[in-house]
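Chemist: Build the full structure now, drawing on both the sequences and the hints.
Just so we're aligned, residue 1 is where the sequence shown starts under this note's numbering, counting upward by one.
Among the clues, some could well be false.
[Said to hold, decoys possible] If you anchor each label on the Cβ, the simulated ranges turn out as follows:
id: 1; residue 1: PRO304; residue 2: SER235; range: 26 to 32 Å
id: 2; residue 1: HIS248; residue 2: ALA127; range: 25 to 31 Å
id: 3; residue 1: ASP271; residue 2: GLU38; range: 47 to 53 Å
id: 4; residue 1: ASP415; residue 2: ARG125; range: 23 to 29 Å
id: 5; residue 1: PHE113; residue 2: ASP182; range: 16 to 22 Å
id: 6; residue 1: SER406; residue 2: VAL201; range: 15 to 21 Å
id: 7; residue 1: ARG90; residue 2: ALA127; range: 24 to 30 Å
Simulated from the structure, these hints should not be mistaken for laboratory data.
In this text, all values refer to a predicted model and were calculated from it rather than measured experimentally.
Beta carbons are placed, not taken as given, at the ideal position from N, Cα and C, and that holds for glycine.
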Amino acid sequence: SQFERWYSQAGTPRLTASGEYDAAARRYVLTLSQGYPETAFEIVGARDRKPLHVPVAVGLLGPDGTALPLRLEGEAGTTPRATTRILELRESQQRFVFEDVEGEPVPSILRGFSAPVRLEMDQSREALAFLMAHDEDPINRWDAGQRLALDWLVEATKIAGEGGVPEPDPAFASAWGRLLVDETLDGSLRALALTLPAERVVAQALPVIDPDAIHAARECLRRALATIHEDTLWSIYRALAPSGPYRHERESIDRRRLRNAVLGLLAARGDEEAIEAAWSQFENADNMTDAQAAFVVLADQDHPRRDEVVRAFYDRWHEDPLVLDKWFAIQAGSSRSDTLERVQELAAHPDFNRGNPNRVRALVGAFCSGNQVRFHAASGEGYTFLADFVLELDASNPQVASRMASIFNDWRRYDEDRQALMQAQLERIASSGSLSKDVYEIVNRALSR
1 SQFERWYSQA
11 GTPRLTASGE
21 YDAAARRYVL
31 TLSQGYPETA
41 FEIVGARDRK
51 PLHVPVAVGL
61 LGPDGTALPL
71 RLEGEAGTTP
81 RATTRILELR
91 ESQQRFVFED
101 VEGEPVPSIL
111 RGFSAPVRLE
121 MDQSREALAF
131 LMAHDEDPIN
141 RWDAGQRLAL
151 DWLVEATKIA
161 GEGGVPEPDP
171 AFASAWGRLL
181 VDETLDGSLR
191 ALALTLPAER
201 VVAQALPVID
211 PDAIHAAREC
221 LRRALATIHE
231 DTLWSIYRAL
241 APSGPYRHER
251 ESIDRRRLRN
261 AVLGLLAARG
271 DEEAIEAAWS
281 QFENADNMTD
291 AQAAFVVLAD
301 QDHPRRDEVV
311 RAFYDRWHED
321 PLVLDKWFAI
331 QAGSSRSDTL
341 ERVQELAAHP
351 DFNRGNPNRV
361 RALVGAFCSG
371 NQVRFHAASG
381 EGYTFLADFV
391 LELDASNPQV
401 ASRMASIFND
411 WRRYDEDRQA
421 LMQAQLERIA
431 SSGSLSKDVY
441 EIVNRALSR
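Modeler: Shown next as structure tokens:
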């Protein structure tokens, strides 16, 4: 059957959507097209791929943000109208006509992630902010917020890279505020929706990666949101304080996730009140989720509480190897300017074992792969640190050493100065006398890209 092609045709399909509203006829025409994006490599059987059967869940939002009841062309007027309809896309392109549509709607496409496809649709910032604020579908609401934030962050990164100070998008800040107080969403989803795209995500959307500008832009937006919604954030944080002992149940998990996301935002400005709130949470936590969240917040601060929490976390849990991995990783992920120095100290710590792959990933992987702004410091010291570590580890564990060396794979995506610094370290590794086959293949492949 046509649906079986999902299992026989390689590649992730691309779904393209466009809409047109006819005010006189009160009709909205949605055109859906399916295909596959071009790839840099040839996929076996790509030329023989045929249209799939794609279920596309769709909703339309009216000008006031309410979900409109939907009736397709040809259906009887007495047909019950749902606010979400699943359109069966079976051809390369199909048109779906909705009738009796009052006012130009904003479409909500692929609700509930109804098909594993990449959606492409030109939508303005205003439309995305509208969906972020009003869409009744939580997945699309989250997606609209992420797309809007990413669009702003890409623009803000360019401004920051040129020495400017980006101004937050008022439409995004307003829609973000509606999400913040929307109690119809569970706490976990609100926490997820309030979190900005990671720096690595922003980097993938740029032709040339500027880690410093990306970090500056993202932190600028976090601080702005914390300032604009400060009173609401504090109100939510205090309202979600635990009222009893730890419980591993859905409602409690949701409350912890939202409260910890709010704490991270409150601390974005480095305010004393937020820092003390994080320390109090750490001191009184009866579960690892709350203790770790407070540790993450304090590990980023230039404040005496940072050293206190580092010592206290170690003293409590240094005998648990999995928790100790978190102790290494959180410090390695800090955006403090002295993080590389701290990572070098931790590499000489008695509890750091180069023979333990998890411990290596927790420290070196968390810094070099996860901490974009500090690993890619313009001085190139992070690159030297990684190259030294790869050369040292290669003799005893070439598999993990090659994995660490692969962090250099995207070196050509950065500015010319960083490219030169990374290339020099790759060449230094490649020219060493006794390189393992594993590391040799990774390094030479990276140099030949």
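Chemist: Could you work out which earlier hints the structure fails to respect and list their numbers in ascending sequence?
Modeler: 2
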